[in-house]
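Based on the hints, put chains B and C in the right spot on chain A.
Residue numbers (this note's numbering), protein chains in the order written: chain A, 1 to 407; chain B, 1 to 170; chain C, 1 to 321.
Simulated from the structure, these hints should not be mistaken for laboratory data.
We put the beta carbon where it would ideally sit given N, CA and C, even for glycine.
Among the hints, a few may not be true.
As the list claims (entries may be wrong) - Computed list of chain C residues with no C-beta within reach of chain A, every gap over 12 Å: (1) 9; (2) 55; (3) 147; (4) 148; (5) 187; (6) 269.
Said to hold, decoys possible - Cβ-to-Cβ under 10 Å is the rule here; a few derived chain C residues that face chain B: (7) 113; (8) 117; (9) 146.
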Amino acid sequence: MENISGKEVDAADSDARLSEKELTLSMGPQHPATHGVLRLVLDLSGETIVKCTPYVGYLHRGVEKLAENRNYMQIIPLTDRLDYIASMANNIGYCVAVEKLFGIKVPERTEYIRTIVGEMARITNHLLWLATHALDIGAMTVFLYCFREREKILDLFERLCGARLTVSYPRIGGLKNDVDDQWLEDLYKFTEEFPGRVEQYETLIDKNRIWLRRTKGVGVISAEDAINWGLSGPALRGSGVSYDIRKISSYGVYDKVKWQVCIGKNGDIYDRYRVRMDEFRESNSIIRQCIEKIPKGPIMADAPKFTLPAKDKVLSDMEHLIHHFVLITKGPQTAPEGELYVATEVPKGELGFFFVSDGTGRPYRMRIRSPSFVHISALPAICEGELVADVIANIGSIDIVLGECDR
Amino acid sequence: MTAPQWFFAYFAGMITLLSVVMITRRNPVHGVLWMLVLFVHIAGLYLFLNAEFLAAIQIIVYAGAILVLFLFVIMLLNLKKELTVRKVQKHWVLGAAIGVIFALFVVTVVAGITVLPPLGEYSIEAIRSEGSIMTLGKVMYTKYLLPFEIASLVLLVAIVGAVVLAKKRI
Amino acid sequence: MPEWLWIFIKVFIVVNVLMLHVAYVVYFERKVIGHMQARLGPMRVGWHGLLQPIADGIKLFFKEDIIPSNADKPIFYIAPIIGLLAAIGSLAVIPMWEGFSIADINIGILYILALSSVGSYSVILAGWASNSKYSFLGGLRSSAQVISYEIAMGLSLVGVMMMAGSANLSDIVRAQSEQWFLLPQIVAFFVFLMAALAETNRAPFDLPEAETELVAGYATEYSGIRFGLFFMAEYAGMFVMSALAVICFLGGWSGPDFWIFARVPGIVWFLLKVYAFIFFYFWVRATLPRYRYDQLMGLGWKLFIPLALANIIFTGLIKLL
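Chain A on its own, in the form it takes in the complex (with noise of 0.2 Å):
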């Protein structure tokens, strides 16, 4: 605070009276705890929040218009830009959309390797939520141990399909390649100490005093409010309110196997937490169950109109070599005309294709919803009234990504 020099006053002539004012901290881009580049202007009166203001769109990069100008195909690559931390989920959901706006239908192993690389992508998601969440509010020891296993399921990813964070696995009407059986067993095995794992994590900050008298009661969103500003996943989940796309929508295998939707009860950051600590446990089920009942058979889906064909096939066959190309560059040709939006449950809530199709071979627009972004919009209403250090907390437990939130 300089000396303002300038013009000199008497003391009588200046206002003597005191005003109260807020401290106005603009907290972001940069920022450690923000998760990527959130802005939120909060109006503090001491350490309380007296209003609190997100800034989103640091990250956008137009992944909306850049869908118009490419054909279905090309699309998958930027799904896995929008959540990054789950890129699986994202090109499922896509995938899921399209197949739906084009009538596919894919093969059972497909389902079953989908649901299992999905619910892979939902333990990866979680493993870094509670690694960043926990040093958030203090505890930097989880975030290492948990990095430990996302090491190992990140592993597992590149041994698929050669990617490790943004893997584009998935393919319209099936997969990019088939999963051997050595590969299945080494997941199998990771599933097997996994719950021991997790039993690990809570030993190290469920039943610790300050991690409760942090996340209890704090943060709370009442099942009303919930749904009124439209969360969803685990963060609708923690309020209470058992809603699951996976139970609800015929998209992979939920239905065939058995498995629970974890719900909340109070709606605070612990109830959250609690949530997605069920949820490495009924994940893990549902991958050891998908392993156990993998049928054989192909992995794509028979619609030459929409599918590539084989690539053995293309390297042999002219036929073949011009229905790629055809695929490839224009897309497929025989769309049907209309508008639809698909939902599935990816980690951090309902990611929503919305699709306009004109019959070309390219989406005449498309519309994401992303959890990220409608969950950031309640921030506001969740934080004020509560301390600076809780602000951190929240964020953490409504699990944002900023990339999909700017799409």
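Leaving out everything else, chains B and C in the frame of chain A:
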């Protein structure tokens, strides 16, 4: 002058000087900082008088707690306007005159007093043999127990009053 | 040899050993926490990363010293120095072994408390002078925290002073020749331990520099060696607090006096106990999440201070009987 006299002269002089420096700072935080230096000098003066306990308490209570509270309040108040206020106000002549008269008054009165060596039972030797904490404690809890308790009660009332005023809803 | 020269040499040795200690305690922390978190800690510079602290020191010295243009420069300059001076100054009264302390004064405990309260100015002023809101909030948090926990710490040590009948640190150690004060003053020990964590701004009370909330709190705008001074002050402060705990509760330099142990010099026992405490600091940091500001204040005022007061009354009663 002997060494103790030099010592006293340094601390007394610095205390006077620092007081003036402190009240003439335009920036209240700088003022508080000079006050911190001032308090350290007062503590030095206590040491000079063999009152080591008082010296430590001077730093702990005044420098460590009260001054921090001052800083706390000043930091919370937005005092940007104070920085533009003129240092010398309109009525400085009157103020200076009163100040000079008062100073003369003090000097004449003080010059007339001869400070006698300590006569009571607590001579420096007596305090040294027991330690100043013990001596102080004994006097406070035997001879002056009632005034001591009254003082603590007054402080308690002040604390309760402050809490009631600050927190409408407890 | 004149006495002043002897004191000068002692000061020189103690300060230099402390600085080396600060450098290597950081290494110790990174190794300990690393192994607690299923990783190795520094491994690249020297054998098992042993030269890492030196590399870090050199890096900090040569980094650009950035000063915000709107900072209050004189205060910005002196704030880290106050912190380090207060921490190093406290060493003057700490008896490392029988008969060794730079200044054996009667008010040893009070002197350390006084210096630690002066040390808090470093954080408050750094927060204010940086003219940044994160720093400012860090400074505010720190001033409230330091005032609250200083009271708890002072009160917890009153029981020890009552037991020993003195505030001289050497006398306190000698008073424990029969029995350490750990057991009779277990409540005071607990309060002191917590207050020491809060005084040195360590986890779970590291709110003034909570990196996920306030970026780096009061040190946000500091860089290069000025940041390094804060760092040194924090670790020197940890040493002083651990030493104080050892002296007041764990019998200072005394060790078991049988067989070969009786021949081990006192400084070894003293340092062993101090490093056990410092290990405790690291252990807590690797384990516990961070308290929230209001919970921290509530804990201090509603639990630690009443506990310490009850301990004083209890100790007094026992002494009377």
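Evaluation of the provided hints:
1. 9: holds, 42 Å
2. 55: holds, 23 Å
3. 147: holds, 16 Å
4. 148: holds, 15 Å
5. 187: holds, 19 Å
6. 269: holds, 31 Å
7. 113: Cβ of residue 113 (chain C) sits 5 Å from chain B, so the hint holds.
8. 117: holds, 3 Å
9. 146: holds, 7 Å
The structure fails none of the hints (numbered hints given earlier).
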